[in-house]
Structures are given as structure tokens and as C-alpha cells.
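Enquirer: Sequence:
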Amino acid sequence: MPHDLALVDDHHLMRSGLATMLNGLDGYRVTIEAANGRELIEALRDATPPAIAIVDLNMPVMDGYATIAWLRTNAPEILPLALTFDAGDDALVRAMRAGARGFVLKNVRPPVLRAALDSLVLTGYYHSEAVHESLMQGFGAMTRDERERERVLAQITPREMEFLLLVCSEDELTYEQIAAEMGVHRRTVDNFRIALFEKFNIKSKTGLVLFAMRWGLIKA
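Just so you know, my numbering puts 586 at position 132 of the sequence shown, and the rest follows in order with no gaps.
Derived by calculation from the structure, the hints in this document are not laboratory data. Note that this is a predicted model, so its numbers are computed, not measured. Keep in mind that a hint or two might mislead.
Listed below are the simulated DSS-like cross-link pairs for lysine-lysine, each with C-alpha atoms no more than 30 Å apart in a straight line [as the list claims (entries may be wrong)]:
| # | residue 1 | residue 2 |
| --- | --- | --- |
| 1 | K659 | K673 |
| 2 | K657 | K673 |
| 3 | K673 | K653 |
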């Protein structure tokens with residue numbers, strides 16, 4: 455019996471072309487087509503689970519990262535194969551963390567696509583040489599946003615961080631109260647404030663709170 459496939463891509467022509475290619479591979483057939491993750495979830499309610507879900511990473515409504523993460527949690531028997539135009543490290547790392555078992559580019563040729571599907575069926579994973587090299591260099595590394603967050607936070611001293619978190623406290627402390635809480639003079643607190651203002655071009659107390667939210671120090 456052929457292995458059933460789900461194909462999830464918001465571009466109708468791209469999806470149609472890929473479906474034709476996949477159905478032309480001996481041993482495989484597309485049984486589910488969806489334009490986004492939400493449509494896939496709806497389709498799975500009434501369909502036999504496919505062996506593999508080929509998922510475009512960039513889609514509206516529910517993108518590929520969220521879809522792959524949902525499959526990992528709710529349908530682990532379905533192996534997600536990420537489909538993308540972007541072979542950059544950030545996309546690969548994000549997809550891998552979400553639970554992707556492999557990656558193929560959208561301009562994939564039939565022999566490579568067949569190799570990817572066969573590898574998934576036999577081993578549960580597939581990585582092309584280019585993707586493998588990128589993963590060896592970047593997986594376990596951080597995404598661009600994570601690297602930027604680390605760079606920003608590295609500029610904040612422990613006492614400045616303590617001051618910043620007190621500024622963001624739900625108690626809405628004054629600078630005098632923050633000084634008392636930290637056991638320092640008000641002038642020292644002003645120095646913490648000025649240092650953060652200058653490092654990150656912040657203009658106000660509200661700006662400090664927005665900065666903390668932007669970099670995940672407090673919940674939005």
C-alpha cells in the first residue's frame with residue numbers, strides 16, 4: 455500500500471504542482487491538501503492520519519512552525535517534513551525546535567523529494583547535505599532574535615537589572631522606594647536609570663517598562 459501524505463501550503467499553484475509530483479512517485483499518494491495548519495487540523499478529524507505531513511513554513515492563519523509543533527504534541531505518529539524557500543539557519547533551527555523531521559526546498563526535484571520521503575519512512579528523519587551542514591553549524595545555536603536578546607541583556611549589570619525589574623514591579627514603586635528596596639541612596643538609583651537611558655536610548659520610566667517587555671524580562 456502507498457504511504458499517505460498531507461500537503462500543507464497556502465499557494466494553490468505551488469500545492470497543486472507538488473501534489474502532482476508526489477502522486478507521481480511510486481509508493482506515495484496525497485490524501486490531504488490544506489492551505490494552512492488550521493485546515494490540516496480540521497481535515498485530520500475525519501481522515502486517516504497520513505504517514506508524513508509536508509508543511510510550508512510560511513503560511514497565514516497558522517504557519518508551519520505552529521503546525522509542526524501541533525503535530526508533535528497531538529499527532530506524533532505523523533512525521534512533519536518542512537517545506538521552505540528559506541534555507542537560512544533561523545528557519546531551520548526554528549523548524550527543528552518545533553519538531554520537523556526534515557527539510558526540503560520548494561524547488562525540490564523529484565529524485566530529492568523521493569529520497570526525503572524514503573528516508574523519513576525508513577529512519578524517521580531526512581536532511582539534505584546543505585541542510586545538514588547548516589544544522590551542524592547552527593542547531594543548538596540561537597536564532598537571530600535570541601542572539602540579539604543576549605547581546606542586549608549582556609550590557610545590563612546585575613544591579614541595573616535589579617533596578618529595572620523593580621521599576622516594572624506591579625507595586626509601581628517610586629524611585630525613592632526603589633532606592634530603599636535596593637539599600638542604596640536615591641542618587642545611586644538615578645545613576646542606574648541614567649545608565650539604562652544612555653545605553654538603550656530610553657527617555658522615560660514608561661520607556662524602561664516597554665524595554666523590559668520587548669526583551670522578555672516581564673510579561674506583556
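Enquirer: Tell me, which hint numbers fail for this structure?
Expert: Result: no hint breaks.
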